[in-house]
Amino acid sequence: MQNEFYLKSLILEDIPNHGTIHFICNSWVYNSKHYKTDRIFFANNTYLPSETPAPLVKYREEELKNVRGDGTGERKEWDRIYDYDVYNDLGDPDKGEKYARPVLGGSALPYPRRGRTGRGKTRKDPNSEKPSDFVYLPRDEAFGHLKSSDFLAYGIKSVAQDVLPVLTDAFDGNLLSLEFDNFAEVRKLYEGGVTLPTNFLSKITPIPIIKELFRTDGEQFLKYPPPKVMQVDKSAWMTDEEFARETIAGLNPNVIKIIEEFPLSSKLDTQAYGDHTCIITKEHLEPNLGGLTVEQAIQNKKLFILDHHDYLIPYLRKINANTTKTYATRTIFFLKNDGTLTPLAIELSKPHPQGEAYGPVSEVYVPSSEGVEAYIWLLAKAYVVVNDACYHQIISHWLNTHAVVEPFVIATNRHLSVVHPIYKLLFPHYRDTMNINSLARKSLVNADGIIEKTFLWGRYSLEMSAVIYKDWVFTDQALPNDLVKRGVAVKDPSAPHGVRLLIEDYPYASDGLEIWDAIKSWVEEYVSFYYKSDEELQKDPELQAWWKELVEVGHGDLKDKPWWQKMQTREELVEASATLIWIASALHAAVNFGQYPYGGLILNRPTISRRFMPEKGSPEYDALAKNPEKEFLKTITGKKETLIDLTIIEILSRHASDEFYLGQRDGGDYWTSDAGPLEAFKRFGKNLEEIEKKLIEKNNNETLRNRYGPAKMPYTLLYPSSEEGLTFRGIPNSISI
Numbered sequence: 001m002q003n004e005f006y007l008k009s010l011i012l013e014d015i016p017n018h019g020t021i022h023f024i025c026n027s028w029v030y031n032s033k034h035y036k037t038d039r040i041f042f043a044n045n046t047y048l049p050s051e052t053p054a055p056l057v058k059y060r061e062e063e064l065k066n067v068r069g070d071g072t073g074e075r076k077e078w079d080r081i082y083d084y085d086v087y088n089d090l091g092d093p094d095k096g097e098k099y100a101r102p103v104l105g106g107s108a109l110p111y112p113r114r115g116r117t118g119r120g121k122t123r124k125d126p127n128s129e130k131p132s133d134f135v136y137l138p139r140d141e142a143f144g145h146l147k148s149s150d151f152l153a154y155g156i157k158s159v160a161q162d163v164l165p166v167l168t169d170a171f172d173g174n175l176l177s178l179e180f181d182n183f184a185e186v187r188k189l190y191e192g193g194v195t196l197p198t199n200f201l202s203k204i205t206p207i208p209i210i211k212e213l214f215r216t217d218g219e220q221f222l223k224y225p226p227p228k229v230m231q232v233d234k235s236a237w238m239t240d241e242e243f244a245r246e247t248i249a250g251l252n253p254n255v256i257k258i259i260e261e262f263p264l265s266s267k268l269d270t271q272a273y274g275d276h277t278c279i280i281t282k283e284h285l286e287p288n289l290g291g292l293t294v295e296q297a298i299q300n301k302k303l304f305i306l307d308h309h310d311y312l313i314p315y316l317r318k319i320n321a322n323t324t325k326t327y328a329t330r331t332i333f334f335l336k337n338d339g340t341l342t343p344l345a346i347e348l349s350k351p352h353p354q355g356e357a358y359g360p361v362s363e364v365y366v367p368s369s370e371g372v373e374a375y376i377w378l379l380a381k382a383y384v385v386v387n388d389a390c391y392h393q394i395i396s397h398w399l400n401t402h403a404v405v406e407p408f409v410i411a412t413n414r415h416l417s418v419v420h421p422i423y424k425l426l427f428p429h430y431r432d433t434m435n436i437n438s439l440a441r442k443s444l445v446n447a448d449g450i451i452e453k454t455f456l457w458g459r460y461s462l463e464m465s466a467v468i469y470k471d472w473v474f475t476d477q478a479l480p481n482d483l484v485k486r487g488v489a490v491k492d493p494s495a496p497h498g499v500r501l502l503i504e505d506y507p508y509a510s511d512g513l514e515i516w517d518a519i520k521s522w523v524e525e526y527v528s529f530y531y532k533s534d535e536e537l538q539k540d541p542e543l544q545a546w547w548k549e550l551v552e553v554g555h556g557d558l559k560d561k562p563w564w565q566k567m568q569t570r571e572e573l574v575e576a577s578a579t580l581i582w583i584a585s586a587l588h589a590a591v592n593f594g595q596y597p598y599g600g601l602i603l604n605r606p607t608i609s610r611r612f613m614p615e616k617g618s619p620e621y622d623a624l625a626k627n628p629e630k631e632f633l634k635t636i637t638g639k640k641e642t643l644i645d646l647t648i649i650e651i652l653s654r655h656a657s658d659e660f661y662l663g664q665r666d667g668g669d670y671w672t673s674d675a676g677p678l679e680a681f682k683r684f685g686k687n688l689e690e691i692e693k694k695l696i697e698k699n700n701n702e703t704l705r706n707r708y709g710p711a712k713m714p715y716t717l718l719y720p721s722s723e724e725g726l727t728f729r730g731i732p733n734s735i736s737i
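Residues in the sequence shown are numbered consecutively from 1, following full-length UniProt numbering.
Watch out, some of these pointers could steer you wrong.
[What the hints assert, rightly or not] Restricting the straight-line Cα-Cα distance to at most 30 Å, the calculated cross-link-like pairs of lysine-lysine (DSS-like) are:
| hint | residue 1 | residue 2 |
| --- | --- | --- |
| 1 | 694 | 682 |
| 2 | 639 | 381 |
| 3 | 65 | 548 |
| 4 | 350 | 282 |
| 5 | 318 | 228 |
| 6 | 626 | 325 |
| 7 | 616 | 318 |
[As the list claims (entries may be wrong)] Pair ranges (Cβ atoms, derived):
| hint | residue 1 | residue 2 | range |
| --- | --- | --- | --- |
| 8 | 70 | 108 | 36 to 42 Å |
| 9 | 535 | 318 | 52 to 58 Å |
| 10 | 232 | 120 | 52 to 58 Å |
| 11 | 178 | 658 | 36 to 42 Å |
| 12 | 626 | 697 | 48 to 54 Å |
| 13 | 62 | 15 | 20 to 26 Å |
| 14 | 41 | 552 | 29 to 35 Å |
| 15 | 322 | 193 | 27 to 33 Å |
| 16 | 705 | 77 | 50 to 56 Å |
| 17 | 318 | 563 | 29 to 35 Å |
| 18 | 490 | 563 | 17 to 23 Å |
| 19 | 563 | 70 | 29 to 35 Å |
| 20 | 548 | 498 | 27 to 33 Å |
Hint data in this document are derived by calculation from the structure and do not stem from the laboratory. Everything numeric in this text was worked out from a predicted model, so none of it was measured. All C-beta atoms, glycine included, are put in the ideal place defined by N, C-alpha and C.
The task is simple: from the sequences and hints, build the whole structure.
Structure representation (structure tokens):
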């Protein structure tokens, strides 16, 4: 007998005085013996708590109580309970010290909360949760995809369980050489792929989603599609213009900041870490400022920095104690008259051999295009990109989208009834998020998982993200606020979107502002339909309980921060809801779906550095002069790590066939019975279609050089629509991969 079924929707027809009644259920239903109470489903009407018809009040309250649970016991597969826990399931201390990881969440290492599973604790550490094959998710979070084989997350599981061991065996058994010899060999990954004897391949049974990647029908094991960054020009990645362009139109386009003081200072404690004032001088910069002095360039808002220094310094010695060798980096860019950026200088800093209090040992590198110095400059840029790649994956992507949204999913389900208007507004933006996060904790961000294996920060990856979370500000995630905070835009009521970009041709920002405005207009219209006054919102017990718990528990380690909305006005609700929708949809799309198009060429986005910069007169410097490509490749991500990285980001950069994009909803026109919001939502969809046309026009405007750059890859990541697969475009409603 089947134990469960998925109830998508239910229609009751010919009901006296009502006609047809629609129930949008989207829920797994189990045998009644698994439930202590009856399952409750509501028709698609929308009510504020004060407007709930009297017979429904009891059911509304009962359903929320059921979903909250009592916070005890181990959760079972059929449970629908949402509750909070700290990140105490990343390590496995019982397997040994190598697998122990600190608990994230609490005063020492603050962190957003995850969904509670209630599993038992490990023997060696009573604070850590025991890993298990089954990881509880509230049942309706564990996707209702009709084609489960098409659910991309299965691909990640398959890589971790099947592909990694085969690759490890192949390298250990010398069937694959450990290093790439030259750039042509890297490019061969996209032309010929990786071959292995067929007996190796019998160990893998790839599922349909990754069958394009894994061939088991001959000797060809891995075959990668050519990443977009090399499709037109295989060497564009080496140019300074492409290196600079990717800070505003690449994979991590929201970190670059304006320079307002010189020399650049540090916020690190000088007693603990010594003097970390930047050693880049005017003499390094002024030869390439087009006749300006540094002061004039700063005054004219022409100097920008990609700063991967302060947060890395406290961990740098530990990172360099392993096989990885790297630097903290500061990179200064100049905004030229043609609207493009160019790098002027890179500072590389490593810990002082005598101890932290002596400050760093730093060197400055400037652009060079001839002889061995051209490759020294290429290496300097590679160290910067390694830092940027780690920051992108662990902070911009994992922390700032996946991790920070999970408490919203939990709080919304615990306190907002499914008939509450704000539940209906936010619900589409939560699809699959708890599921993919749970899978990430098991295979991607866990101890010795794929991220630790393939990114420089290694075992410190998530611990460092907790240190950086201390400075996370929810209100600054709203795009206009983020741009103003980084100094790349100024408030200007006369400008479209209320801010004026200082880098006018800033693809992520200019496209993002269009999407942000569309989201905010839709949310404003929706909220004003249900709340006619601020007082109504203040007296809404569900909404107030939702926000209070989100701040005090879900993001409880930051609960005393003054920037949280107080949730006393409709304006605050609009801003908070629009910011959340922005994070879950457009921000995640911007930092996720370009991973393979940019990072699939490991030369363009290396994730690890394994050697320090060769010094003049050393054997390494001579080797670089003789065989620059081989020495460059010995410095960046190794071959095995490259193959793992490419396999994972190829899956992460794809859209599933049953994805819902911004402006679309599951349930068609039946998600609410209120005509006003249905019409407003249709306008939102039309608005996004118009924006997409506008973005296509921008990409056809050849005067906007940052939109396509030397790699000739137009910036399409914020086009709202997409087909399935690897498309380099499309904004899904939610963080679903």
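Next item on the list: Could you see if the CB distance from residue 41 to residue 552 stays within 29 to 35 Å?
Entry: holds (31 Å)
Notebook entry, point to check: When you check the alpha-carbon spacing of residue 694 and residue 682, does it fall within 30 Å?
Noted result: Judged against 30 Å, a Cα distance of about 19 Å means the pair holds.
Next item on the list: Could you say whether the range 36 to 42 Å given as a hint is met by the Cβ separation of residue 178 and residue 658?
Entry: 41 Å Cβ-Cβ, so the 36 to 42 Å window holds.
Margin query: Taking 20 to 26 Å as the stated bounds, is the beta-carbon spacing between residue 62 and residue 15 within them?
Written below: holds (23 Å)
Note to self: Run the distance test for residue 350 versus residue 282: straight-line Cα separation, threshold 30 Å.
What the structure shows: holds (22 Å)
Margin query: Holds or violated: the 50 to 56 Å window for the beta-carbon distance between residue 705 and residue 77?
Written below: holds (54 Å)
Note to self: Quick check on a hinted range of 48 to 54 Å for residue 626 and residue 697, using CB atoms only.
What the structure shows: With Cβ atoms ~49 Å apart, the hint holds.
Margin query: Tell me if the beta carbons of residue 318 and residue 563 are separated by a distance inside 29 to 35 Å.
Written below: holds (32 Å)
Note to self: I want to verify a distance hint. Is the separation of the beta carbons of residue 70 and residue 108 within 36 to 42 Å?
What the structure shows: Once the Cβ atoms are compared, 28 Å apart, the range 36 to 42 Å for residue 108 and residue 70 is violated.
Checklist line | 30 Å Cα cutoff - pair residue 626, residue 325 | finding: This hinted pair holds, its Cα atoms lying about 22 Å apart.
Next item on the list: Quickly compare the C-alpha distance for residue 639 and residue 381 to 30 Å and report which way the hint goes.
Entry: Holds, because 20 Å separates the two Cα atoms, which is no more than 30 Å.
Margin query: So if I understand the rule, the pair passes when the alpha-carbon distance is 30 Å or less; does residue 318 with residue 228 pass?
Written below: With Cα atoms ~35 Å apart, residue 318 and residue 228 exceed 30 Å; violated.
Hint violations for this structure: numbers 5, 8, all remaining hints satisfied.
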